[in-house]
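Engineer: Chains A and B, in that order, give the protein sequences.
Using my numbering, you'd call the opening residue of the first sequence number 728 and step up by one each time.
Using my numbering, you'd call the opening residue of the second sequence number -2 and step up by one each time.
The set of hints was computed from the structure by calculation and includes no laboratory data.
Cβ atoms here follow ideal geometry from the backbone N, Cα and C, with glycine treated the same way.
Mixed in with the good hints there might be a few duds.
[Stated by the list, open to error] Among chain A residues calculated to face chain B with C-beta under 10 Å, some are:
id, residue
1, 781
2, 785
3, 795
4, 871
[What the hints assert, rightly or not] Which stretches of chain B does chain A cover? Using the computed rule of at least three CB atoms under 8 Å from a CB of chain A, they are:
id, stretch
5, 40 to 46
6, 62 to 71
These are the residues of each chain, in order.
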Amino acid sequence: MLTHPLAHHQPAEAEGGALRLAPLPAMTKLDLRARDAMVERFGDVLDTALPTVPLTSTHNHDVSVLWLGPDQWLVLGGDVQAKLEDALADGFGAVTDVSQQLVGLELRGPLGFDLLACGCRLDLHPKALNEGFASRTGLAKADIILHRRPDDGGPVLWLFGRRSFSDYLWHWLLTAGREFGLRR
Amino acid sequence: MLLIHCPWCGERPESEFRSGGEAHIRRPDPANAGDAAWADYLYYRTNPKGAHVERWVHTQGCGRWFNAERDTVSDQFQRVYRMDEPR
Ligand SMILES: [Zn+2]
Chain A
728 MLTHPLAHHQ PAEAEGGALR LAPLPAMTKL DLRARDAMVE RFGDVLDTAL PTVPLTSTHN
788 HDVSVLWLGP DQWLVLGGDV QAKLEDALAD GFGAVTDVSQ QLVGLELRGP LGFDLLACGC
848 RLDLHPKALN EGFASRTGLA KADIILHRRP DDGGPVLWLF GRRSFSDYLW HWLLTAGREF
908 GLRR
Chain B
-2 MLLIHCPWCG ERPESEFRSG GEAHIRRPDP ANAGDAAWAD YLYYRTNPKG AHVERWVHTQ
58 GCGRWFNAER DTVSDQFQRV YRMDEPR
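Please model the complete structure; the sequences and the hints are all you need to start from.
Structural biologist: Set out below in structure tokens:
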């Protein structure tokens, strides 16, 4: 069963909806390694091609595929592990369940970029960080995977950190968010 | 903050990278190499003042190793190229 170490936390919000921090619901996360023909085979199974353009993602109705490196992807959601393993068969590649390794957080609202800028050195201007953006990077002292979802009444950012860093990330975001009116 | 151009991710902050020392160092053939060749392989580096070819890894990003030519005087990166590209 999937668990979430931050699930007991209530979302924190700033007045007026400019910023909202919440734990993401627990979801399946798979780390894919593939090259050449296997990239296409995995894409067929997922019903969406694996993104080959760096820092992008692809989506279908229930699965998102994030580019992590030229031969590495993160699959979010869906019930696809068995099908991917079948597709792998005796081919060269890997399907690794990292659902419990990575813990997800969601930042909603236009101030999400400003909050991240307190601890992340990427170019976080909303125009530089397009919808669909995906990359590993750092936030304060933690490694994270940063992903911008399609806009939903405003920008939506997903962060995934290592499980042992989840408390640290949660409290760092709450503390840095005070400046932007984030209150529990 | 110094920006380093990753061949896959583009311009990224220096803090996301780790240096792997001098590039293009070949391991000697164990069948024929003498002590001098091993000592050279293990311990001796060119240490130039000026252009230096180095290996770098984008640890907090795509995780890829690549080669870079860096000026050791100005700390400017002159060029980056992938592991499978010629020097
Ligand atoms: Zn990179």
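Engineer: For each hint, tell me whether it holds in the structure or not.
Structural biologist: Hint check:
| no. | hint | in the structure |
| --- | --- | --- |
| 1 | 781 | holds (5 Å) |
| 2 | 785 | violated (17 Å) |
| 3 | 795 | holds (7 Å) |
| 4 | 871 | holds (9 Å) |
| 5 | 40 to 46 | violated (count 0) |
| 6 | 62 to 71 | violated (count 0) |
Checked against the numbered hints above, the structure violates hints 2, 5 and 6; every other hint is satisfied.
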